[in-house]
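Chains as they are written, first to last, in the working numbering: chain A, 764 to 1098; chain B, 7 to 932.
It is worth saying that the hints were derived from the structure and are not from the lab. Among the hints, a few may not be true.
[As the list claims (entries may be wrong)] Simulated pairs of lysine to aspartate or glutamate, DMTMM-like, Cα-Cα distance not exceeding 20 Å:
1. 818/B with 1005/A
2. 1093/A with 846/B
3. 552/B with 519/B
4. 793/A with 846/B
5. 355/B with 345/B
6. 314/B with 500/B
7. 661/B with 688/B
8. 380/B with 459/B
9. 1093/A with 842/B
10. 1093/A with 434/B
11. 699/B with 415/B
12. 419/B with 643/B
13. 793/A with 961/A
14. 381/B with 460/B
15. 898/A with 948/A
[Claimed, not checked] Partner residues are not named here, just some residues of chain A that face chain B (Cβ under 10 Å, in silico):
16. 934
17. 1003
18. 1005
Treat the numbers as computed from the prediction; the structure is a model and nothing was measured. Cβ coordinates follow ideal geometry from the N, Cα and C atoms, glycine included.
Spelled out, the chains give:
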Amino acid sequence: MDDQPTAAPTGHSGKLLTLTDNIGKIIRGKPLEVKYVITAMLARGHILLEDNPGAGKTVLAKTLAQSISGGLDEAPLNAKGTVSFKRIQFTPDLLPMDLIGSHIFDDVKKEFVFKKGPLFTNVLLADEINRASPKVQSALLECMAENQISAGDTTFQLDKFFFTIATQNPIEMEGTYPLPAAQLDRFFMKISFGYVTEEVELDIYNNYIAIGDVKNNVKQVLTYSDIIGLQQEAENVFIHPELVKAVVNVVQGTRKHPEISLGCSTRGGIIFLKCLKAFALVNQRNFVIEDDIRALAQSVLHHRLLFRNRDASRMALQQVIDRELDRLSKLRIAG
Amino acid sequence: MKEQITTRKTILQLIFRLLFFVVPTLLVVFKTLEQLNSSFTAFNTGVLSQAVYFGFGITISFILYFYRARFIITFPVLLLVYWLLARAISRMPGEVDVFFYSVQFRLFSSLFIFGWIFGFLLARIKFAYMFIAGILALIALVSISDEVQLDIQFLVYNLLPIVAYTLYMMFIAPPLSESIDMDFKKSTKNLVRAFAFLLLVFFAFLTANYFLEDKFKATELIWGEKDGHGEPKEGDKGDKKKGYNEKDGLLEKGNKDGKGGKGGQKPEDGKGGNKPDDGEDGLKPKDTMAMSEKMSQADYVMFCAKVKNYFPDGTPKPLYFVYHYLTKYDPIKESFIRDTAMPHFDELKCDPSTLAMYRSKTDSSVIRNSMATKKMSVITSEVYVSSNTWKHALLAPASAFYCQTIPVDSGYKKMFRSAYKVKSYTSELNNAYFVYNPGSNAQLAEYQAERFDELRTVKDYSHTDTELFRYYTAMPKGPLYDSINALAKRITKDAITPIDKVIAIRDFFLQRDKEGKKVFRYTLTPGPPSDPNIPNASMLRNFIFKTHAGYCTYYAGASLFLLRSVGIPSRFTTGFATIDRSDKNKGWFWFYASQAHAWTQVYFPGYGWLDFDMTVGNDEQKEAPRPDGTPPLPPPEPWLVIDGAAATTPDLKTKRFDVAFGKVIFYNDDYRLEKTANRTIDASVCRVLYGKKDTTLACIKAGDSLIVVSYDDAAKVVPQPRQGVSIDEQLAGFPKPIIADEIHIKMRPEDVKKEEAKKKEENKPEIKSITWTQLFARIGIIVGGLLLLLFLIPSFWLFWLIMRFNTASGAKSKAYTAYRLALYHFHMAGLERGNETPYEYAQITADTAFKNDFSGFMNIYLRLKYANGQLMIGDEDRIRVFGKSIRPAAKKFTGVFKMIFNYFNIFRAQRFFRRREETSTQEQQL
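Using the sequences and the accompanying hints, generate a full structural model.
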């Protein structure tokens, strides 16, 4: 959606345009998906990408990390001075300590010291999350929910900016541990890239950039503090009472709909609100509009619901949203 | 817990559905049943029990199918039960009971099954009401088609419930029944909506009523007569008449009375009451119900008449009053129809109500066509009509050839609406007392014998005009008519002359069986054919060969075919039987509605058509005491009637003025002057009438068309007509000034218009056999009008939105109205919004097409809407500019003609509103 700014963006939000542009140069033809990712990030959430191999998930995560300068407080900046980016390939034999880190005996000090695992980072790409065993998944999910890691008797705080991009592969479900509903609920969004159009694909082939070259081609457009500031700003976006009511109606609607067996949780509703605000900011607005609901509903809500059948999974949520949007579109302006 | 809620909900839903779907259906079916009952005798078993049976069927099946019972299984089960019951009943002992019960059972089980099917349709099929309404409309049309008299009122009465039902089921019932998910907030909203709709309909009705009030008034007045019962109650009738006159509103002075007419009856009360048979096709043997009902109910005076026809000793010699000759016969319906193409047409075509006062109409071809020369005389009769419906009909003794309107004395105006004088060229042998009535009256018996002797001189019909002979002896083909032929031959085998054959046929009707009981009897309710299994069983056959019971139509029809079988030209005649009950006023006869009659006329060469009434007397029915009223004073004979124009305005002191005239009636003869004469009129003792209302001399202005009447007792010296002297010369002998007794002022054009409009309305019910094309044309106009209105709704909505935009004040409401206008207009212009939000629609669809920056406007609009009204500089201008650009942009994109076409596409408009969910109705309604 290429909106014109309808209200002057304040503070850091101007830089968001450059961020999206920056990522858009690498991830072509998917501006909306890029926005979703940034929205999840600004809402202090995490995102689950479900896509076929080779859709650009890793590239996206890497590009995002590369675009932001600054990094973890404790850890020194990496060579390029960007925020730290870690990637974990989830496999069935992965253990929680492989993520969190473990206590290792220090010969010199004669004591166990904690060796931090890959979770201590800013942007984490959890590749093929459904291949790991549930205990690993739950270890990750604790971090995602609480922003902290407990190892032994110590609790380690993660960085303020911790953003997980998990991916899963919709094909090849053998030997996987599909995420249970409770864990899916913690992801703010679940999106899929899908294929790009013919023209875009041609363009991509013509300007092919190897994954390894990404860091050389990506400019650092935002600083770490920008991200923190933007996250703060997203919380302050104005949302009209009618739209809050609309969110309530949508959430309630999913619970009442006869074709939906498990409706949206209250946490889901809160996340929806957070995402709406962040999305408005991504679109250079300091207020939420009805279109934001349309744009986000599927990616924020769909994975939280259980449908009775496939038709319902396609239609039911759409019906709830359509009805609510219809109501909104006919609302009189107050005053 | 959840289960409980769902069942509770469905029970509630069931109850509401029963209430909102089934009950209205039942009501409208009840109406149809009522109508069927009045049209078909087979249904004659009480409409209430029928409705109950139907109701059982529809309710049980609705409940069953609401809970998803299988139709395929349940319906055959029902049929099986029905079949078993029918078998059981047919095996019951007792013959009569079995017949009775099986007929009853068949009727009620069919109703039950009908109800069952309706219930199924309602429970399962979404648009079942369309189907039901269609069936009901069809039934209504079929039963209407049997109706003698069609007028708009009647149609409305019969079809309105069905239309209302369809509208109800379409617009009100679904939201009402849908709203029952315990959400009472929504329910009230829907109730309000339904109520608003009803209110709208009600106002539409009121408006229609307001515009049609005159029409209703006129109709009410006619129906109001029903209550008159012969002796009109002064207050009752007078009130209505006043109310009626009030509508004229011609002269303020004449309007003393209040709003007397407002209390008239509702049209429904009088339904079927005062609708005297027009005799065209109403007197058919099949139509037993209508006939008997009419006969027993309509017991009021239709007219009275003075017939100047006496025996030499002064005893009145009554004559039947002919209305029409029905010379065509429909063997399938067994009904007689009027044929204006009959050879030697001898009816005077004249509507007395169209003749101006004292004007006359003469048709000498009647005399020629009556084909009679012997024993003929001219009989003068005066007819005073009290029934409004009969005022257009000419009722006179056979072969009337002259008709002149005469005034009704003011004291009798309430009783008689109009009067006319007729002259008939009638045989001296003609008499109401022909067949049965002589009784013990020796004089009549003698007269009868003389008549028969006279008529015996007619031996055969060899010298009769062949066309006439062939036309009036034609018989339909078929076994029934063959057996009638055989019967006639048997009856008349001993008779030689035609009159003897006639008498033999009379005797056939008068025969008695071995026990001395009469074989043929008179009844108003001959009932349906005894074997109801044979469809279209012949009533005529039934009457002649089986039941021997019927009323005048049966006797007239049967004797007609018997006569024709033996080669005697005869014809079916309708009119009124004359009964002489009065000793007081000799020559005066009173005609009640129940005296409407049918009989046969037989042709005798040389003597013409003679009335032969073969109907036997009614032994069962006691003659209700129907008194003769007081006959009206005969009007004084005018010696002069002047048709001219006022040359001067009357001098109110001397009461004289000049009249220029070219036409006069001098002793009942019309004259046209060679040159216009100018005479002074003395109006000092004169009555002045404007239209039908009394007024004063001051009303006359120079140039007004006048008819001046002078009576012989008023003028001092009355000149007598002289033979061989031209009227212009005789004019010189007229008194100066001419003393006028009555002056009728011809209506001025503007009043004539009013009067004509009123007359047209009055005439409405009089258009009796409205043709089907006319009917369809009317229905077409009504439906077309409604459709046009329907198709204009999208345009109206556009104008409403434009108006709202133009009148909106403040940036917010301006933006809101512009937003709605744009969405609607762009939608109608050809780019329909699908499931996109308005913003998406603006960006993706509208901007590329209309190029008027809809999305820019939407940015402002959405900001105003959701950002707590952040108004920026220049916003208002942009909103205004956008609002103004909507129509030009759409016009440019779509083109004017396409746009107009689109605006007539109601489905397009309907698609615009389709996504409206129940929560958003309020905004729409505002």
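Numbered hints the structure breaks, given as an ascending list: 6, 10 and 16
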